[in-house]
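Participant: These protein sequences, in sequence, are chains A and B.
The numbering of the first sequence is the numbering used here, which starts it at 1 and goes up by one.
The numbering of the second sequence is the numbering used here, which starts it at 1001 and goes up by one.
Be careful, since some hints might not be right.
In silico lysine-lysine, DSS-like type, Cα no more than 27 Å apart, as pairs [claimed, not checked]: (1) B:Lys1231 x B:Lys1101; (2) B:Lys1101 x B:Lys1133; (3) A:Lys72 x B:Lys1150; (4) B:Lys1417 x B:Lys1406; (5) B:Lys1430 x A:Lys72; (6) B:Lys1101 x A:Lys72; (7) B:Lys1231 x A:Lys72; (8) A:Lys72 x B:Lys1417; (9) B:Lys1430 x B:Lys1406; (10) B:Lys1150 x B:Lys1118; (11) B:Lys1231 x B:Lys1305; (12) B:Lys1400 x B:Lys1417; (13) B:Lys1358 x B:Lys1101.
Calculated from the structure, these hints are not laboratory results.
Here is what each chain is made of, one letter per residue.
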Amino acid sequence: MRRNSAVRASMCRLDVESAVKEVGQSIGDVLSSPRYVLGRGVKRKLVDCEDPVPDLPYPLQRQLVMDLCLDKLQSCHRRSEPSLHRSVLLANTLRQLQQEMRQEGGGLSPTLAAACPAHAAPATPRHTPDLPPVPSDCVLAEEALPSLTSCHDLIFGSFEITNSTSYLTDLAPDDIFDDIDTSMYDPSDFSVLAFPSLRVGSGAPSTNGEEGLKTFSSCSPSSALQHRLSDLNDLDQIMEILVRS
Amino acid sequence: MDWEYFGRVTVSSWGTGAGGNDVQWCFSQVKGAIDDDVAEADIISTVEFNHSGELLATGDKGGRVVIFQQETENKCQPLSRSEYNVYSTFQSHEPEFDYLKSLEIEEKINKIRWLPQKNAAQFLLSTNDKTIKLWKISERDKRPEGYNLKEEDGRYRDSTTITTLRVPVFRPMDLMVEASPRRIFANAHTYHINSISVNSDNETYLSADDLRINLWHLEITDRSFNIVDIKPANMEDLTEVITAAEFHPHQCNTFVYSSSKGTIRLCDMRASALCDRHSKLFEEPEDPSNRSFFSEIISSISDVKFSHSGRYMMTRDYLSVKIWDLNMENRPVETYQVHEYLRSKLCSLYENDCIFDKFECCWNGNDSVVMTGSYNNFFRMLDRSQRRDVTLEASRESSKPRQVLKPRRVCAGGKRKKDEISVDSLDFNKKILHTAWHPQENIIAVATTNNLYIFQEKVN
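Extracted from the complex, chain A is given alone in its bound form (with noise of 0.2 Å):
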């Protein structure tokens, strides 16, 4: 839900006019320009319209932008309304922007690099995974650049809507079996207790009824199917009663 309080065109940073000509005095002195200093009721004149960024550097304008465009995905979980369609647009303007400061190479000032502002650490959204700190002050170098790509899958991965009954059967079997212990059983031995086999895969949805755990089926592999009856006959019995009730 968007912020309540009047949304006026003026409140990019950059269109700061006042900020404007402290930036061309003293590019160290950047991080302290009212610029950066949002909601401290900075006055600014009525000027003709038009926005102040054509005014900046270039490269200042672009790294204005990349903050803005990470300081967004990072943010992405925490909205009410997470949009898949918004991070897709984030991410892909971001790709761009360091694709072209790839292209231009190293070869900037160092002060430039001081220049940008230091990006707090990610809060942690809660129930997704951490995202990589993003090193905020080697933008600019090539080795440094945020790797987008890393990002991707846990930015995009949590837009996805599931169904908790059938969760389970989308996903590859050892993922969510990997911290559990399973060093005193053999997975092949939970196939003899022959539940049904599942569609597993995109397509038709399934149907509402099934419930009971579905998983020790769907994950014991087929190929290893193992005749142990006579001697598992014990935890058979337990493993049955165990997933029937």
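Fit chain B to the supplied structure of chain A, relying on the hints for placement.
Facilitator: Okay, now just chain B, sitting in the frame of chain A:
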């Protein structure tokens, strides 16, 4: 005014006449709360006339559907003022919870689409992010009376006291409008549903989410066919999403879907079961002089609508409306600037997220005028036949009965003239995303954040 020849028209200046064959628009009604404190649940999220225009449905963020009905008192005077009054209100969707992701699935109604009327009842499809529902809206104006075994209030009579038998009869009662869910189409979408579209065969419909499009039969809820899937094998490679989809109004095998990269694909379901390969790809090459950091974001198409004739389709991106001839893929036949003065403000609009707003667009009944919304509660009427455009405003200030709407002008730069509003004074919180045009008459429904305005053509 910028004109190009060979079938391409670009309208970028401000016309002075009213749009639509010299139609003057008057305020008719406004629905919704008056106070400025907007309850989130009341935010209107979709508006749709039915095929006859008699009914007007709105959906809101709270999952409710409100249907208005046009009064038919003065049928002998076709141009008389007719009002829309509440016909039915019901809760279509409830919030749900995805336990795996610990995310709430919003009950917000993303789209409503009416089915063509086949009998006395009306049917509509409404959808939230995950589930589509078919609702039957029926009238009841008679009730049976005179049961033998029951009293009128429902209590059972003592059978020993019954000495005669009578035949129950129907007696008139006050009109009751009932809405009941007839079908629930669930669990077919992993991503957020953005569009639904009923096929001209009246048997099937499509639903589209960010990455997939499914085809349903209206009678069958436990199965749907996936007809488009753009999900990459590796989500890291995802660069494009589906933003809207619609069936052709006459050809039941044809549909289009638009993308976040500004392309529209036309698909023919006869070609293959999975329409991953388009029959036509509509894309306009980017204008290099307008290139900016935000070029891709503003090229994302927020809505696509076929003309009633089926010959054209219209797309809406952030700054413009484009009309495409289905026979020409390499560029649109007409381009209209909605609010070009925002081009120099893109960075601000990017920072406050307005650049991601999804505006819809619509055609009038004879495809001569198109309409779309903007900020500051402005909306635009773009007259294709007269090459004129006008900006109007939906506001409480201009809501006296039958008050004619005055054209509005935005000052893009330089000295502001009288009656003009400067770009910096625009309220970007007041956006008109949803508009609808009556299929036959010059009656339009315009949704502001939580109010529905109905405007009609001025009758002399």
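Participant: Could you run down the list of hints and mark each one as holding or not?
Facilitator: Quick rundown of the hints versus the structure:
no., hint, result
1, B:Lys1231 x B:Lys1101, "20 Å, holds"
2, B:Lys1101 x B:Lys1133, "24 Å, holds"
3, A:Lys72 x B:Lys1150, "65 Å, violated"
4, B:Lys1417 x B:Lys1406, "16 Å, holds"
5, B:Lys1430 x A:Lys72, "22 Å, holds"
6, B:Lys1101 x A:Lys72, "21 Å, holds"
7, B:Lys1231 x A:Lys72, "23 Å, holds"
8, A:Lys72 x B:Lys1417, "38 Å, violated"
9, B:Lys1430 x B:Lys1406, "18 Å, holds"
10, B:Lys1150 x B:Lys1118, "35 Å, violated"
11, B:Lys1231 x B:Lys1305, "24 Å, holds"
12, B:Lys1400 x B:Lys1417, "26 Å, holds"
13, B:Lys1358 x B:Lys1101, "26 Å, holds"
Of the numbered hints given earlier, the model fails hints 3, 8 and 10; all others are met.
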